[in-house]
Amino acid sequence: MAGIAGYGAFIPRRRITTEEIARQWGKDPGTIQRGLLLKEKSVPGFDEDTITISVAAGRSALARAGVSPSKVGALYIGSESHPYAVKPSGTVVAEALGIGPEVHVADFEFACKAGTEAMFVALALVESGRVDYALAVGADTSQGAPDDALEFSASAGGAAFLFGRDDPLAEVVETISFTTDTPDFWRREGEFYPRHGGRFTGEPAYFKHVSAATSRILEKTGLKPADFRFVVFHMPNGKFPLSVGKSLGFTREQMDTGWVVPTMGNTYSGSSPTGLAAVLDVADEDELILITSFGSGAGSDSFVLRATGLLRQRRGLAPSVRSMLDGPRRYVSYGEYAKYREKIIVNE
Amino acid sequence: MREVAIVAAGMTRFGELWDASLRDLFVEAAQQALTTAGVDRLDAMYVGNMSAGQFVGQEHLGPLMADHLGMGGVPAVRVESACASGGVALRTAFMEVACGGSDLVLAAGVEKMTDGADVTEVLATASDQETEVYQGATFPGLYALIARAHMAAHGTTEEDLAWVSVKNHGHGVLNENAQFPRELTVDQVLSSALVSEPLRLLNCSPVSDGAAAVLLCPLDQASQYTDRPVVIRGTAMATDSMALTDRRDMAFLDAVAAAGARAYQMAGIGPEQVDVAEVHDCFSIAEICCIEALGLAPLGEGRHCARTGETALGGRLPVNTSGGLKSKGHPVGATGVAQAVELFEQLTGGAGERQVADAEFGLAQNMGGTGASSVVHILQAT
Amino acid sequence: MPSPRYWREIPSRYRLEATRCGDCGRVSYPPRRICFACRSTAAETIELSHEGRVVASTVVHVPPDAFLMEAPYALAIVETPEGARMMVQVADCDPASVEAGMSVALEFRLIRKEGKGGILCYGHKAVPAYPLGGEAEAARRAREEEVAHA
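Protein sequences appear in the order of chains Z, L and R.
So the first sequence is numbered by numbering that gives the first Met the number 0: it starts at 0 and just counts up by one.
So the second sequence is numbered by numbering that gives the first Met the number 0: it starts at 0 and just counts up by one.
So the third sequence is numbered by numbering that gives the first Met the number 0: it starts at 0 and just counts up by one.
The hints are simulated quantities; they were obtained by calculation from the structure and are not laboratory data.
Since this is a predicted model, take the numbers as computed values, not measurements.
Ideal Cβ placement from N, Cα and C applies to all residues, glycine included.
A hint or two may mislead.
[Said to hold, decoys possible] The list that follows gives simulated cross-link-like pairs (lysine-lysine, DSS-like), each with its CA atoms no further than 30 Å apart:
#	chain 1	residue 1	chain 2	residue 2
1	R	Lys112	Z	Lys86
2	Z	Lys207	Z	Lys38
3	R	Lys112	Z	Lys338
4	R	Lys115	Z	Lys342
5	Z	Lys342	R	Lys112
6	R	Lys115	Z	Lys207
7	Z	Lys86	Z	Lys70
8	Z	Lys342	Z	Lys238
9	Z	Lys245	Z	Lys207
10	R	Lys115	Z	Lys86
[Stated by the list, open to error] Looking from chain R toward chain L, a few residues come up when the C-beta cut is under 8 Å (computed):
#	residue
11	Glu8
12	Pro29
13	Ala55
14	Ser56
15	Pro63
16	Asp64
17	Phe66
18	Tyr72
19	Ile76
20	Pro80
21	Arg84
22	Val87
23	Ser96
24	Ala99
25	Gly122
[Said to hold, decoys possible] Where chain Z lies over chain R, by a calculated footprint (3+ residues, C-beta under 8 Å):
#	region
26	9-21
27	102-115
Just need the whole structure built from these sequences, with the hints factored in.
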């Protein structure tokens, strides 16, 4: 059965606390933290972007898989912050990883679910036998507008998954996608920050699609929430995933490992993929994993995976998500944050 | 090879010379030399210049300067070896006279740095573009790495570095052409802004405009132009790897040592016979490394020389009596020739308050980049 | 930066391709056609390890325009287990904490942008070698030894 042959993640090492941002705009940090369940988020440096994050995550994925890059037949990068407007991120990542030149490369976008998009296609390509291995990455360095709710959560990071046919670390049991046209969050060409519909992004957008995709995959596989050891949802903030999980019948314990948002923030296309990586860092043989992403616009991809015994053997070959979240990091002030996120106007 | 003499010298003041263009600077210095020698013709010209193309958008300096000097028609060419351009122009002019090709050759250097270019970026092109500049290295950054290596190998301190600037300013205050003719204290140096650790603003030579020129002819024709010619006894050049990462020993300037050894051999003297020297103190650490490489101070001991006064006026071996690049200024392409101008003054008894008594042999060491090229001249008084 | 020049350098910048002299064994980074040590043209292409040690470092306070917003930054000469030396910035740490002998990892980073509309130029930077923990750390040490003795 096809599945994940290798996986990796990367989270930039700078952080800014919710408190620091709240203070900037005269908001009460306590209220924000309780409302969004966010403590801090990652901040990319000038030298970090979707491409560099994808390379770091991709290197870990290849290391865990023990597969030569020359065997990778397809590479897809899903992001809503591709460094170029026109010129693929994937070609740079491929060259950096030593993949190609006989490789199919494409960039994906679908707001926050561009990563799982890429995973869906990579999986399908491998299942069809068209390629032996396909690498799918979800990574972002997205912006949140100043003094907007999203500024507390928009962060940087990503995860990569190498799909293969034989001896995966986690088999993919099933996958579905659920999509409608819902204008909950968007960014027009040339605009620096995205815009959103406020409370409209909740019920009709996030909750509707995540619930629908999850319900349908449960139906399709005949599985119940209690059958799963781990569940991961897209994490636009700390609250939404816990809320949707509860409403679908999952327990806090099932959600905990993949709930990385309180100290990472929302890495958009990297969000649920990184949660999945965190789960793979600890999952035991035969444990079932469910992941449902959400991308505004809107849609959700859902996957059911089963961990194999190989996972325990291989996962130590690259850094774990927790070692990146809890490991060496540096806190920045709002001024430094504004500098790194290029919110400060400078002459060319 | 014929014996070659310097028979006249000229230079502009060094500094931020807003009123003078690249051409103006060159003409002023060159004309001084020509007038002093009473000469209205030239057989050839060599123009030392690092980066007029990047600084002021002007290449093709040979014919341009010949044109503006009123020497149109004369064979003239621009010579480049980054900050050693001036010294190499002198060496090339020497060769032309020595081989019998010409009897009257002008070796001049000029640089116009203050017309608005990004100086840091332009100067960085003297280092390795692909591996150093690309990564964000600056010139001070590269010399800072050399300083760190020297500190690790020999215990050199930031105070040692400061003393080099202080000593050279003590000389520059006596030089009417110097850009910064004023004294400095060690405290002032150590509290100046950091440029690239451990180098501070006052460890770094300034951005300057300026030009210098010397006139060369065969020694046996020198009396036509001057009573006191200075003979070029030794000239030598050596190169080393461009990137610091490829150097044999980051704390030692191999090219300077090699050029020095060849020059000493050609001149038939040793370091102990040098009475006065001009070395390339683009950064304080450079002077320390240069005097060690030239055998003017024992390896690892160079760091003490400025503080003890050994290399100050009145000391064992005055180094950079002109004020050096630090106090006199460093219009890049002009520096190598300006060093020769200072030695010419010293060896003809014309250095005024900076005069080293009875100076017979003078040595000039001009260096390009982080030591990838080095040219040494040894001059003798007559 | 003109595209062709950047494109030619992709193998050395992206994959740390270097040449090992077939005669004297000296490793040159970036690749060279003629060995600096012995002038041999017998070169073998290798890819350097993504780790090394700092040989010397400085902190650049006055940067070129392209790096204006990033100063002060640490700049260092790093030597890989293969014996190759490269000049890189050291990121993700207090620049003042970088010192000779420090272990570093080499990570793929955006080095510079050609202004607002030009190409993006990638390469590698060093970061302090944070302990990876557990098996990953042991695996890294084993790799370092293997390469150094190769």
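Using C-beta distances, would you say chain Z covers the region 102-115 of chain R, given that this needs three or more residues below 8 Å? holds (count 7)
For the hint on R:Asp64, just tell me whether its beta-carbon gets within less than 8 Å of chain L. Since the shortest Cβ distance to chain L is 5 Å, the answer is holds.
Please verify that hint: R:Pro80, Cβ, nearest Cβ of chain L, below 8 Å or not. violated, 15 Å
Double-check R:Pro29 for me: the hint is only fine if its C-beta lies closer than 8 Å to a C-beta in chain L. Holds, about 6 Å.
Does the closest beta carbon of chain L sit nearer than 8 Å to the beta carbon of R:Pro63? R:Pro63 check passes; min Cβ-Cβ to chain L is 5 Å, inside 8 Å.
Tell me if R:Arg84 is really an interface residue toward chain L, meaning its C-beta lies closer than 8 Å to one of theirs. holds, 4 Å
Minimum beta-carbon distance criterion (8 Å), R:Tyr72 to chain L: Hint holds; R:Tyr72 Cβ to chain L Cβ min 7 Å, cut 8 Å.
Is it true that the CA of Z:Lys342 sits at most 30 Å from the CA of R:Lys112? Holds, at roughly 17 Å.
Can R:Gly122 be said to touch chain L, with a Cβ gap under 8 Å? holds, 7 Å
Does the nearest C-beta of chain L fall within a distance shorter than 8 Å of the C-beta of R:Ser96? Because about 12 Å separates R:Ser96 from the closest Cβ in chain L, which is outside the 8 Å limit, the hint is violated.
Decide if the proposed pair is consistent with the structure: R:Lys112 and Z:Lys86, CA atoms, cutoff 30 Å inclusive. holds, 15 Å
Using 8 Å as the Cβ threshold, decide whether R:Ser56 counts as touching chain L. At 7 Å from the nearest chain L Cβ, R:Ser56 passes the 8 Å test, so the hint holds.
Checked against the numbered hints above, the structure violates hints 6, 20, 23; every other hint is satisfied.
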